[in-house]
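A.B. asks: One-letter residues, chain by chain:
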Amino acid sequence: MAADRTKGEIRVGVFVCDCGLNIAGAVDCTAVSEYAKRLPDVVCVVQNKYTCADPGQNEIKDAIRQHHLNRVVIGSCTPRQHEPTFRQCVREAGLNPYLMEMANLREHCSWVHPGDREGATNKAKDLVASAVARARFLEPQEELTVAVSRAALVIGGGVAGIEAALELADAGHKVVLVEKEPSIGGTMAQLDKTYPTMDCSI
Amino acid sequence: MGLSSRKGIYIPFPQAVPCSYILNMEDCLGNNPIACGKCLEVCEKEAVNYDDQDEIVTREVGVIIVAIGLAVYDPTEMDEYGYTRFSNVITSIEFERLICAGGPTAGNFVRPSDRQPPKRIGFIQCVGSRNPKIGRPYCSNICCMNTIKDTLLLADHYPDVENVVFYQDIRAFGKSFEDMFQRSKEAGTRYIRGLPGDIEEDPQTGNLIVTVENTTSGGMERYELDMLVLSVGVEPPEDLAKISSMLTLTKTSDGFFMESHPKLKPVDAPTRGVYFAGFCEAPKDIKDSVCQAGAAASRGGALLNAGQIQIEAITSRIDEAACKKCGLCAAVCPYAAIIWKKGEAATVIEAACAGCGSCGAACPFGAITMRHFTDDQLIAQVRATLAENPQDKVFVFACSWCSYAGGDMAGISRIQYPSTNRVVRTMCSARVSEEMVLEAFRCGAPVVLVSGCHYADCHYINANRQTVVRVQRLWDKLEKAGVRPERLQLEWISAAEGQKFAQVMWRLEELRKAVTMEEIEQAREALKRKPKKVARQKTAAAAAG
Ligand SMILES: Cc1cc2nc3c(=O)[nH]c(=O)nc-3n(C[C@H](O)[C@H](O)[C@H](O)COP(=O)(O)OP(=O)(O)OC[C@H]3O[C@@H](n4cnc5c(N)ncnc54)[C@H](O)[C@@H]3O)c2cc1C
Ligand code: SF4
Ligand code: SF4
Ligand code: SF4
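Residue numbers (the working numbering), protein chains in the order written: chain A, 10 to 211; chain B, 52 to 596.
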């Protein structure tokens, strides 16, 4: 079971992503990798060209197995974009997805400090150090699964709401359409002919 | 426009669905049936019910599609166009009623002042759009094409009318749009580049005198027209704020709903299970509204088919043994997810907890563990970030939904700001405890920022009100300890406000430069943990471990 890996010694793997030139263009990723090697409990550091691509993900999985990693830190883009990707990646290598942490070296660093390589590199080091510090305290978590009520609500009965409601109903789902006016139709119902076809709106 | 009147019982328009009569309670005399009651007498199916009331219906759903559309700009404030003063100045939506066979004039195109067919018709584009001066900087997307359509309709029905369109740019970028634009020109419509500065009315004829600088020729031009159509812009629907706070959604700077990701998740709302369709997400025409509706239905359908959803494991847990039964956590939970009775330990209903972390920040006894955002994890981040040269850094706590996302938006838009800031992410700004902020100062941070969603946008109902309470308490504490309270800053930055995020970072960098090494040292000393508190921390650590 994945949880067992967290017993005993903490072994952090750090993966620094160039993102092509998206990160490496403004941040010295090699210096960040070297710096990461000296951080507590870090046992392996890998610099990738594109961490999210298959070869990058395979490097993470290989490193997890080879170095018996039980924490993974990825210095790449915002977690708001790729956290699901990397959680899935470490899960596939047998690690609980909550043992993965990201440092935002792109949106919060390279993309906003393009003319300041030294400042951006220092910042990137700190962001990785912060992520590693956090990772050392990460614990495996189990997600709660809840059933989704099998019905949809569509708010607004204009052309968009009507279309969405019909599509869902055609696919066999129960749909409740709520319209605040006495009739559905929305703005289109106030139009005569509509472009580009110049036909009647309703 | 005052061209016809509506009865107290009516069908909204001939093709209405449901096609039934509605009582207009404001006009109906029969609210008191003794006074009137005529419709009741003539209805054989006895469908008239004066006492019918609104009722609240409860349905459980797994997916919500928000398709609340648009509102049309009211040009009253742009008085230079005389909309309220001259009767032959109308809006494009009024034009639709005038030319429609089902409209008040049965499709006879006449002008309001004398009900005569106009021969010279002008259109003014971008009324209430692309005008930062009145706070409406965006393009409404549909009005250029709508005007082109109107000129073609007029040319088709009344070949002798002369159309003039005053514009700044014609945006005809969709499939077959350029073709329509060319047809309009071929049909005789004149396109004058330049927006009129002034409109006058000839009081005798009701005609309109338009003065405009033609920016193509550079000359001033004067036009006498029988009628003027203001091609009004479109704005977010009236109920947007209401629906937004109900479903914890966000809006972009132009006021429409903010999607989860501008390129990769254009129909998803940030709240899972909620999707956008149509105009309310951004100005778009019918075709694009239908496309987005299809996409929203397919995204929602996929979730319904899956039949289940995983809840992120970031909920609160209370250690019963460590709980001192004070009830503070229950008092701050926006979801009423904590059950507490006087004299009893508090417990969390996991399915109701949304994971904001406000309770974790409120508990004075370290009895609460916020899964995946524990005190230990966040304090470790503070310490590691400020381990070296803290005096050079602006320390930022940012909530995941808004401020952190605003930072992402700055990145996506490549808006530059000083590289001195260091961001730590929490789900909600209410997760930031006083202890975390104090720890940052103890570690030597010159400036600390706590940032979250604007009040109305809080993703945890109103948890960020607790953020304010805590920051205010901290300001008092700092002041008492002789630390300048300005060194702790509070800002609301939305997910769309990349520009604001950058501006705040510039401002804080200035603030940081003004903090001296002596001040930093003084704060470290003055805010040192009291021995009693150390013991408390230990119990907390033991409880967590
Ligand atoms: C003057 C004008 C001319 C146009 N001409 C054209 C054209 O020729 N061709 C073209 O392609 N497009 C045209 N458009 C654009 C077109 O009208 C829109 O693209 C389309 O109507 C968008 O559909 P929708 O369903 O998103 O919004 P809407 O049609 O506005 O529908 C929204 C619906 O939601 C309802 N609603 C709002 N709030 C709530 C609530 N709280 N609860 C329940 N229901 C609610 C409203 O009552 C309404 O019925 C024109 C627009 C304007 C203003
Ligand atoms: S569509 Fe045309 S008229 Fe409308 S705001 Fe954009 S440029 Fe102006
Ligand atoms: S305050 Fe927030 S984290 Fe705590 S129980 Fe309530 S919803 Fe959950
Ligand atoms: S705030 Fe802490 S000590 Fe007080 S009731 Fe809640 S968990 Fe118990």
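Honestly, the hints are just simulated from the structure, not real lab data.
Any given hint could be a false lead.
Within a straight-line C-alpha distance of at most 25 Å, the following computed SDA-like cross-link-like pairs (lysine to any residue) qualify [what the hints assert, rightly or not]: (1) K293(B) x M197(A); (2) K226(B) x M271(B); (3) K189(A) x R575(B); (4) K564(B) x Q97(A); (5) K551(B) x D305(B); (6) K202(A) x S295(B); (7) K531(B) x R575(B); (8) K316(B) x Q97(A); (9) K183(A) x I360(B); (10) K375(B) x Y386(B); (11) K183(A) x S295(B).
The structure displayed is predicted, hence computed values, not measured ones.
A.B. asks: Now tell me, hint by hint, if it's right for this structure.
C.D. replies: Structure-based check of all given hints:
no., hint, result
1, K293(B) x M197(A), "holds (23 Å)"
2, K226(B) x M271(B), "violated (35 Å)"
3, K189(A) x R575(B), "violated (58 Å)"
4, K564(B) x Q97(A), "violated (43 Å)"
5, K551(B) x D305(B), "holds (14 Å)"
6, K202(A) x S295(B), "violated (32 Å)"
7, K531(B) x R575(B), "holds (14 Å)"
8, K316(B) x Q97(A), "holds (19 Å)"
9, K183(A) x I360(B), "holds (18 Å)"
10, K375(B) x Y386(B), "holds (22 Å)"
11, K183(A) x S295(B), "holds (24 Å)"
In this structure, the earlier hints numbered 2, 3, 4 and 6 are contradicted, and the remaining ones agree with it.
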